[in-house]
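Participant: For the protein sequence lines, the chains are A and B, in the order given. Residue numbers for the first sequence follow UniProt numbering, so the first one is 1 and each next one is one higher. Residue numbers for the second sequence follow UniProt numbering, so the first one is 1 and each next one is one higher.
Because identical chains share one entry, a pair is satisfied inside a single copy or across any pair of copies.
DSS-like cross-link-like pairs, simulated, lysine-lysine; straight-line CA separation at most 27 angstroms: (1) Lys-410 x Lys-98; (2) Lys-349 x Lys-24; (3) Lys-289 x Lys-314; (4) Lys-24 x Lys-410; (5) Lys-98 x Lys-248; (6) Lys-24 x Lys-79; (7) Lys-349 x Lys-224; (8) Lys-224 x Lys-314; (9) Lys-410 x Lys-224; (10) Lys-481 x Lys-410; (11) Lys-349 x Lys-279; (12) Lys-279 x Lys-314; (13) Lys-98 x Lys-79; (14) Lys-200 x Lys-349.
Rather than coming from a laboratory, the hints here were simulated on the basis of the structure. Please read all numbers here as calculations on a predicted model, not as lab measurements.
2 protein chains.
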Amino acid sequence: MKQIHFTTETELNSILDASDAAYKIFSRLNVDIRASFLEEIAAQMLLIQTAITETASQETNLPLQRIESEFIRTIHQLKSYAANCRLGLWMDVRIDTKDSEPGTTLNDLRKTYLGLGTVAVFGASNFPLAYSTAGGDTACAFAAGCAVIVKAHSAHLQTGLLVSEAIEKAVDLFGLPKGLYAQVIGKGNEIGEQLVMHPKVKAVGFTGSYSGGMALHRLAMNRKEPIPVFAEMGSVNPVYLFEGFLSKHTDLVAGWYADSITASMGQFCTNPGILVGIKSTWLDLLIEKLSAKIDKVSPQLMLHQGIADAFRTKRNALINTNGVRLMTTDIETDHSLKAIPSLASVDAKLFIENRALHEEVFGPLSLVVVCENYEEMTLVANIIEGQLTATIIADEDELSQHPAIEEAIKDKCGRLIFNGVPTGVQVSFAQNHGGPFPATTDSRFSAVGADGIKRFSRPVTYQNYPEALLPPELQNSNPLKIMRTVNNKMTRDSI
Amino acid sequence: MKQIHFTTETELNSILDASDAAYKIFSRLNVDIRASFLEEIAAQMLLIQTAITETASQETNLPLQRIESEFIRTIHQLKSYAANCRLGLWMDVRIDTKDSEPGTTLNDLRKTYLGLGTVAVFGASNFPLAYSTAGGDTACAFAAGCAVIVKAHSAHLQTGLLVSEAIEKAVDLFGLPKGLYAQVIGKGNEIGEQLVMHPKVKAVGFTGSYSGGMALHRLAMNRKEPIPVFAEMGSVNPVYLFEGFLSKHTDLVAGWYADSITASMGQFCTNPGILVGIKSTWLDLLIEKLSAKIDKVSPQLMLHQGIADAFRTKRNALINTNGVRLMTTDIETDHSLKAIPSLASVDAKLFIENRALHEEVFGPLSLVVVCENYEEMTLVANIIEGQLTATIIADEDELSQHPAIEEAIKDKCGRLIFNGVPTGVQVSFAQNHGGPFPATTDSRFSAVGADGIKRFSRPVTYQNYPEALLPPELQNSNPLKIMRTVNNKMTRDSI
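All chains should be modelled from the sequences, with the hints used to inform the complete structure.
Facilitator: Structure below.
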């Protein structure tokens, strides 16, 4: 166990002076160096893998196996951001040479991206590795050329300290300024608020609750200098069940969703919290099979007391709502940290009227919304707020017969899944982990995938600038050999 | 003269119902159709070119010749956004096929961009065409697949009505829903505020003053559902004069800047408001020549009374500031709408201490900041706030001898110009018209160039989606023949 030191406001000021100075050096290093640095963080984490995974498992109550796969994912993320940083597509390099379009291009313009400055990262309780200290936000910020200050999550402080050590070793090994990375620790919310309000912080990455994300967003927006906040605040990830597919594959769907709802005690931001179906024997059968499977999942410890208490309160409020039917067995748990995996159902009419039923219950619970017909399903799809994901379970031809539902669903989500489950966020180039408010504070960005780097960088155009003083990605010879748009054509060629 | 009708709140509600419905149809049309629609707006404007340019010139006091070139620029912008909309690079299409990276890509993911919804556009007084009704923001919003509501600028209502007619004709000719475009008119700020607060408005584009932009930004951020605001709020566009180049080209630089400071009575957001030089005979000579040239420019009418009054007040405050020296002749004007082209100077020590001197004086005025040496110039570059542009006037080798100044300048601007003037914003792919706060409310975006479209669109990823139901840009056959990133490689090939 490492000693916990709470950061004072004076310390915070010197941390930010150092990070600002470090940013000025780091942001000018080329993408190859930044990429290698990310790979070094991964290497340093691998050296202390067992310590990290055991500590994280102890701190979060998540099974070691689950943490081990998250560790592998985190290493993959770091390497993937490194590869993409080097590939350079995120910089969208554009070059318009003088007179390439006579009468229009009177100047030579060259555009690249520059890191915003110091980024404050607030990690998630449910992903102590992949969305925390050296998680996606930190990797994106470093790839963009930013300095990073992580606000340690109180639910996994020891894990955070171990991972911070790995980052600090990488900083040392690369001879980078120590200020490039720091972690701050506070007893309550105060240190996080001071961080977001600090004039030297230029952007915020957050993963967590709606109330936490919005509190930071409002602070940041009402600063004298507003700064961008990307807050991923979870969602209910609605699943729309069409009759044709369901009637043929009830077992399959029940199996998919029993796992998806209860895996890691439902503590995923992409957990399917609402299943929308059409009143039918098939839906009854699905509910029956799903309830039976969920009943077989024994209550397990949740991440921490706050989350366990919130789940209990929200679950109880839900199942005691007039018109809501609990479909699983209402057992007692033997521990206040344990959650009861649950399935409930409600008629769409009631769901549409009662906004409280649309809210996320973070944990192993789904609400089946029973619609009279597809018109009612369209109403539900239209009334539901912005989501990280939405899922359509359907035969292809029946989906194409209901374009209004498909359109309504599409307008509300960042990722649209066909015949699958929303849990399991693949880390690859085409991924989008974002979505319309209130899923995130800015639907134009993603927390996963190479474009996540864009959250923390801004375009700069050089006009008629001397070749020798241009950053390498803009030089005629294209020394980084990246793909560039030169006079509206994509090419790796030199100019 | 067309009759002016002030939009009521009830009318605003029905306008927004219609625009929301129109968005749902328009956003699903493919980029070819959206591009052709933009071209049709240009064609419709060309049919009434004389009426538009004469009206705009009368309403803004800008010379007809200046308005005519702005008209041509506006047509070029519409065509350029159409071309870029069709080219499709702004959609950053990414496709990761299943098993392209075994163990990682377990799903087929395909990412494209979707318009945000209805965009509210607030045009600028100084660009009644290029940054107004059918200006860059409107073109970007349509290209993204959004509906547009323009808040008419009270300084050029008749121009706005004429251009609106052209847009409405294009809407009709394309058989698009009428709600796709509307203009609202109000006596004060109220209608604009109602627009920004309306739940069916999903983004805001603004070009104008700091106070106007920040008022809308704060409203939008404190909505129940915050929405993105891109406000371009102008800047002082500092120019850094290095001794070597200046000593050899004093005449040339004086000529460039006399024009750049006084063209259109300095009413450009990229007007060079601050010139930073090193105390020397060369700088004295530049000031002398520049003052003589500026003195020869006769006072002309400004855009409207509010802008003329603000210029007079701010100019007087500046030249009456202790330590500020007026270098041009302090003449009287014969009309309260006329501005006196002016040059003043101040020592850097005083400039650094007095923040009021850093503020934009919108009009034909520049302040020369006289530094003792390059260290003081570095201090000035570090203390200046975020800017749309910064300009370096230097020999290449002397610039490379002062990396600290160059770095400080780079961190504060969206466009960095070498040996030129900041006025004249080339409309091409590599352009960036944006910059760190307070130049804009979000430095990650640009108001000019194809990436401007990104302000009003968001990524959506389709997971394992049926081929036939994918938008065309994501289909295997690549029917739009756009460049896509397939399994981390850029290609136009089909899959």
